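Sequence order for the protein chains is U and E.
Numbering (this note's numbering) for the first sequence: 1414 to 1527.
Numbering (this note's numbering) for the second sequence: 7 to 121.
Hints are supplied without guarantee of correctness; some may be wrong.
Estimated spans, in silico, between C-beta atoms of each pair [unchecked claim]:
(1) U:T1433 - E:T76: 40 to 48 Å
(2) U:K1514 - E:M33: 37 to 45 Å
(3) E:G9 - U:S1441: 31 to 39 Å
(4) E:Q28 - U:E1423: 13 to 21 Å
(5) U:K1483 - E:H102: 31 to 39 Å
(6) E:G9 - U:S1510: 21 to 29 Å
(7) E:G46 - U:K1514: 19 to 27 Å
(8) U:L1497 - E:D44: 25 to 33 Å
(9) U:R1522 - E:K15: 31 to 39 Å
Hint data in this document are derived by calculation from the structure and do not stem from the laboratory.
Computed from a predicted model, the values in this text were never measured in an experiment.
Here a beta-carbon is modelled for each residue, glycine too, at the ideal position from N, C-alpha and C.
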Amino acid sequence: AQTVTQSQPEMSVQEAETVTLSCTYDTSESDYYLFWYKQPPSRQMILVIRQEAYKQQNATENRFSVNFQKAAKSFSLKISDSQLGDAAMYFCAYRTSGTYKYIFGTGTRLKVLA
Amino acid sequence: NAGVTQTPKFQVLKTGQSMTLQCAQDMNHEYMSWYRQDPGMGLRLIHYSVGAGITDQGEVPNGYNVSRSTTEDFPLRLLSAAPSQTSVYFCASSYHGAGMGGELFFGEGSRLTVL
């Protein structure tokens, strides 16, 4: 069975600095999707970034980028130029291609210090 | 475009009471699901549906019922509420057509407290 592990329950970063949130997963599949979701205090779950496993190029969305290491089964999220609005819980999620089953990690709470 | 709409946002129940959490989406997504979020445990799948008339159990289905009579609606029923069902509940939907990443679209969540 697939699993997703986020080993950092909480992280802190100074405003304008860079922070990396880690995520590892376990699967025997070769085709899958990986996601990072942000949950601010409003509770709304917001998609931050998505990575298709067949793509070697790391996904980027403005200040957010991933380091996708397929062989190591690692999918870390880098936030550059951190802003106060980035403070949130961040969840890593996995889905095998062709299935509807999504698996979430336990989340990392990010604090941004002014 | 409303996206995924969940009601109610907050609810307090007494042990043994029943209630229904409503979920509706207007994006014509075939996949709909219910998750519960508990501290330190991430999101756990309760039930899901891949189309009208089709439902299946997720990781933590006990104590919950679902049905899917239309593409748009996917209500979650608590048959006899227990304190262990105190949680935040999320409805989410997605579309898995060709070229689509199938990311989940979430409702705003419903905080349920069972006394």
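Flag every earlier hint the structure violates by its number, smallest first. 2, 4, 5 and 9
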